[in-house]
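We have chain A already, so just place chain B on it with the hints.
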Amino acid sequence: MKPIATTRSATGIPTGRLAVWWVIASEIVIFGGLLASYVMHRIGHPEFGDYAANTATWIGATNTFVLLTSSLSAVLAHQAAEKGDGPTAFKYLWGTFFGGLCFVVIKSYEWTMEISHGFVITTNAFWSFYYTAAGLHACHVIGGMAIMAIISNDVKNNRELQRVELIGNYWHFVDIVWIFLFPLLYIAK
Amino acid sequence: MAEPAQHAHPEHGDAHGHDHAHDHHDPGFVQKYLWSTDHKMIAMQYMFTGMAMALIGGYFAYCFRMNLAYPGMTIPFYGQMNASEYNALVTNHGTIMIFWVAMPVLIAAFGNYLIPLMIGCDDMVFPRINRLSYQIFLLSAIVLVASFFVENGGFAGAWTAYPPLSAKSQYNNTPLGAPMWVIAVALEFIAFLLGGINFVTTAMNSRAPGMKMFDIPIVVWMIVIASILFMASVGPLIAGAVMLCFDQTIHTGFFDPDKGGDPVLWQHLFWFFGHPEVYVVLLPAIGIVADVITVFSRKKLFAYKTVLFTTFATGLLSFFVWAHHQFISGVDPRMANVFTVTTVLISVPIAEMIFVYIATLYGGSITLTTPMLWALSFLFSFIIGGVTGIFLGASGADVYFHDTYFVLAHFHYTFVPIAILAVFCGVTYWYPKMFGRMMNETLGKIHFWGTFIPFNGIFIPLFMLGLAGQHRRIWSYENFPELARPEMYELRHFATVSLVIMLLFQFVFIFNFFWSLVKGKPAGGNPWQANTLEWTTDETPPGHGNWKDLPTCYRGPYEYSVPGREQDYWPQNQPS
Numbered sequence: 000m001k002p003i004a005t006t007r008s009a010t011g012i013p014t015g016r017l018a019v020w021w022v023i024a025s026e027i028v029i030f031g032g033l034l035a036s037y038v039m040h041r042i043g044h045p046e047f048g049d050y051a052a053n054t055a056t057w058i059g060a061t062n063t064f065v066l067l068t069s070s071l072s073a074v075l076a077h078q079a080a081e082k083g084d085g086p087t088a089f090k091y092l093w094g095t096f097f098g099g100l101c102f103v104v105i106k107s108y109e110w111t112m113e114i115s116h117g118f119v120i121t122t123n124a125f126w127s128f129y130y131t132a133a134g135l136h137a138c139h140v141i142g143g144m145a146i147m148a149i150i151s152n153d154v155k156n157n158r159e160l161q162r163v164e165l166i167g168n169y170w171h172f173v174d175i176v177w178i179f180l181f182p183l184l185y186i187a188k
Numbered sequence: 000m001a002e003p004a005q006h007a008h009p010e011h012g013d014a015h016g017h018d019h020a021h022d023h024h025d026p027g028f029v030q031k032y033l034w035s036t037d038h039k040m041i042a043m044q045y046m047f048t049g050m051a052m053a054l055i056g057g058y059f060a061y062c063f064r065m066n067l068a069y070p071g072m073t074i075p076f077y078g079q080m081n082a083s084e085y086n087a088l089v090t091n092h093g094t095i096m097i098f099w100v101a102m103p104v105l106i107a108a109f110g111n112y113l114i115p116l117m118i119g120c121d122d123m124v125f126p127r128i129n130r131l132s133y134q135i136f137l138l139s140a141i142v143l144v145a146s147f148f149v150e151n152g153g154f155a156g157a158w159t160a161y162p163p164l165s166a167k168s169q170y171n172n173t174p175l176g177a178p179m180w181v182i183a184v185a186l187e188f189i190a191f192l193l194g195g196i197n198f199v200t201t202a203m204n205s206r207a208p209g210m211k212m213f214d215i216p217i218v219v220w221m222i223v224i225a226s227i228l229f230m231a232s233v234g235p236l237i238a239g240a241v242m243l244c245f246d247q248t249i250h251t252g253f254f255d256p257d258k259g260g261d262p263v264l265w266q267h268l269f270w271f272f273g274h275p276e277v278y279v280v281l282l283p284a285i286g287i288v289a290d291v292i293t294v295f296s297r298k299k300l301f302a303y304k305t306v307l308f309t310t311f312a313t314g315l316l317s318f319f320v321w322a323h324h325q326f327i328s329g330v331d332p333r334m335a336n337v338f339t340v341t342t343v344l345i346s347v348p349i350a351e352m353i354f355v356y357i358a359t360l361y362g363g364s365i366t367l368t369t370p371m372l373w374a375l376s377f378l379f380s381f382i383i384g385g386v387t388g389i390f391l392g393a394s395g396a397d398v399y400f401h402d403t404y405f406v407l408a409h410f411h412y413t414f415v416p417i418a419i420l421a422v423f424c425g426v427t428y429w430y431p432k433m434f435g436r437m438m439n440e441t442l443g444k445i446h447f448w449g450t451f452i453p454f455n456g457i458f459i460p461l462f463m464l465g466l467a468g469q470h471r472r473i474w475s476y477e478n479f480p481e482l483a484r485p486e487m488y489e490l491r492h493f494a495t496v497s498l499v500i501m502l503l504f505q506f507v508f509i510f511n512f513f514w515s516l517v518k519g520k521p522a523g524g525n526p527w528q529a530n531t532l533e534w535t536t537d538e539t540p541p542g543h544g545n546w547k548d549l550p551t552c553y554r555g556p557y558e559y560s561v562p563g564r565e566q567d568y569w570p571q572n573q574p575s
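Chains as they are written, first to last, in numbering that gives the first Met the number 0: chain A, 0 to 188; chain B, 0 to 575.
Excised from the complex, chain A in its bound form (with noise of 0.2 Å):
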């Protein structure tokens, strides 16, 4: 039984929907911590453009590209659930999910490279930068295909389809995080 409290809309702005841009205003101070240290670190320090150097760019690119189309597969979803199509959602969603899935299999397969090749975390501040930003990440995006995978069936019989928008904004955010991250740790050398 829910409470009246959750039905309630006096700004008219769904509930569900105001707190998951209450989520992404603090994640959004998270990652801006955790890159501003990373960039001011970046402008003290020009030798990190050297370590910045031994980064897989192409691999970096692809993975931007994987990610992007997982979020045009969330907007497919977004638009079947609008229109009450449960099971097209359904199917869209775990397109994100498997978008979300090679992102992290290329990323195991960057890091693995990088780690054979002695660059590890504790190699100096610019490789501990390097994982920690996209581990932290990545724990986002496994994150955002756990919870597709626990709300998909819920949508597969058209029930709390507003939830399909609420991970669709949920991953946005993860991909305009990754936007930020590839620049910044590949290509700004």
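These are calculated hints, taken from the structure and not from any lab test.
Errors might be hidden in some of the hints.
Claimed, not checked - For each label pair, taking beta carbons as the anchor points, the in silico distance ranges come out as: (1) ASP49/A <-> PRO256/B: 13 to 21 Å; (2) GLN78/A <-> GLY27/B: 44 to 52 Å; (3) GLY134/A <-> GLY71/B: 46 to 54 Å; (4) VAL263/B <-> ARG158/A: 48 to 56 Å; (5) TRP34/B <-> LEU71/A: 40 to 48 Å.
Remember, predicted model here, so these are calculated numbers, not experimental data.
All C-beta atoms, glycine included, are put in the ideal place defined by N, C-alpha and C.
Quick look at chain B alone, frame taken from chain A:
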């Protein structure tokens, strides 16, 4: 804001159905006390956990104060203390009092209890997230307490955890305690992020029909603004906690200059959160005081909107003052000037709030009940805390005062009013609603004076010691002849004896709290004749769902002594 009044009628119908559906099942012990999603029960969980942690934090203070005043003595209920133990005790005293007492009681307990009741709805908008929030908080408390029992004991790198002291176990000597401390703090932050999102969303969306923005009681506003400040400031420190934990456990190089890192980075991340955090705990306290002062002076809050806009200004400014903690950390002196200006500026809105409260008292019919005494003592003490802050905010003076007991006394004159005086103010004021019985007034007043007088007895000597150059974070002054003079020891004895007296008087409160649960005078629904919605519930203490028919709001919360009315109060739910 959309006008919510049109939803009023269908909703009332729902409330009936909802209530009947709940009459049928009788929850078991676990379901009722441990696994509840009811906001009132979660508030109690937070409150009792916070109070239990306060006993631990108070015990720690007793132990290290005894050691400072009587070095080398075998401390009753503790034993002999060494330097590492002293460091662990002061570190965890600070951490516990701020993160496991002030935060859970002021924000989580009062927020959970008051927000749904004061805005006239039946629960939080995300009851299960609310439960999860408490469970994560409980886990964080368990991790912290467990850290005292691992090899080499709890973290001993000071509550601000500056690297390299906090990052390298060869310096802090607590290889297991340090990462456990960081993990506990990070878990606690996650708990409060979840709780904060719930508070903000609930207050935004689930207000009673008719309750407009300026009809919301100040305390609810304050808890909501505090939650937003917390959300906006804690992120960098969460990132920082991950970085510090990695530095401690797998030896990454974030704060290690040898690896291209920077130890001062931590200070920025910590204080970017740490200063707004002061306001995160201050605002709920000042909100509680606002509500209590209006009720017991039977007057409308002087300048409701001013308080609100002042709070927004404080919140905004609080993000631009953090480097005043770092004047001697090698920050650019030009930057220090900027932060001096912002720091002195932030005292303006806070002073304004205090003036507003004094103006509210002026000409009111004041009743000196126990909650009112606590509220007045808050104002008195916080003024001292605020004024001494000016000395520290000015970079020139701070170079001398930094890291002395003057700093320590200053922030205790802000944090004790917040975490102790305002908490007792809130607990004694809402106790009748929470438990349906009145607390004993005589015992309440004995407890008040037994806390308030010794509190000043502790920290006024510490101001004097700080001015005399006594440094913080020294476990025994025996090795410093300049600081081991007999007159300094007299002041230390005075402070320590005062602390012991203050701690002993807390047993009066504990006795009163539990005795009144059973023997207290039945409170009735609205013993203080207050206006806000929590006093209008059908049952006291409120049952599941709070009201049979959820209330509609017709006016602001502070309509006391309105001319032409027979009663001197005017509940928010009474039609005109």
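Hints versus structure:
1. ASP49/A <-> PRO256/B: 13 to 21 Å: Holds: the Cβ-Cβ distance is about 18 Å, inside 13 to 21 Å.
2. GLN78/A <-> GLY27/B: 44 to 52 Å: Holds - the Cβ-Cβ distance for GLN78/A and GLY27/B, about 45 Å, lies within 44 to 52 Å.
3. GLY134/A <-> GLY71/B: 46 to 54 Å: 49 Å, holds
4. VAL263/B <-> ARG158/A: 48 to 56 Å: 52 Å, holds
5. TRP34/B <-> LEU71/A: 40 to 48 Å: Because 41 Å falls inside the window, the suggested range holds.
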